Amino acid sequence: MDDPVDALAVSLFSEILTVDQLARHQLSRVLPKGMEISHFSVLNHLARTKSEKTPAQLAQLFHVTRGAMTNTIAKLEWAGYVHVRPDWDDARRKWISISPAGRNARDLAYQAISPTLRGLVEDMGADAVRHAIPILRALRARMEEEG
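With numbering that gives the first Met the number 0 as the guide, the letters of the sequence shown map in order to residues 0 to 146.
If you're looking for bench data, these hints aren't it; they were derived computationally from the structure.
Keep in mind the model is a prediction, meaning the values are calculated, not measured.
You may find that some hints are simply not true.
Said to hold, decoys possible - Here are the computed lysine to any residue pairs in the SDA-like style, where the Cα-Cα straight-line distance is at most 20 Å: (1) K93 - T115; (2) K32 - K93; (3) K93 - Y109; (4) K49 - H82; (5) K74 - T115; (6) K32 - T115; (7) K74 - D88; (8) K32 - K74.
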């Protein structure tokens, strides 16, 4: 690994993967009992967009398999956090929306993780975080293009 570009790329992805692991660990510790990061992510998306999504749309959005998303949706439905309804035009498809209980669970989870996230931004400095976001977004977009 004598190439400086290769070394830079390895360092970048090493940091990203480590940050991902640490963030998941810290957030998992403060989420309400029984809620996983994947549950919060789906509830948060449905709450923010205020629209129904199909399991396939959610799987694509979160870059997971349909099977993984089906499992997450089943757990959320069992907890009463989402409504699953059939598509009246295509019986093979279902539509997922957040329930009032799901919105409440999302809000409680958000309150639980907010101090951790806020503390990280305050420690790093808001300007540094603002400068990092466009770089991370560009990296994500590039990786999404490559599939």
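Structure-inconsistent hints, enumerated in ascending order: Violated hints: 1, 2, 3, 5, 7; rest satisfied.
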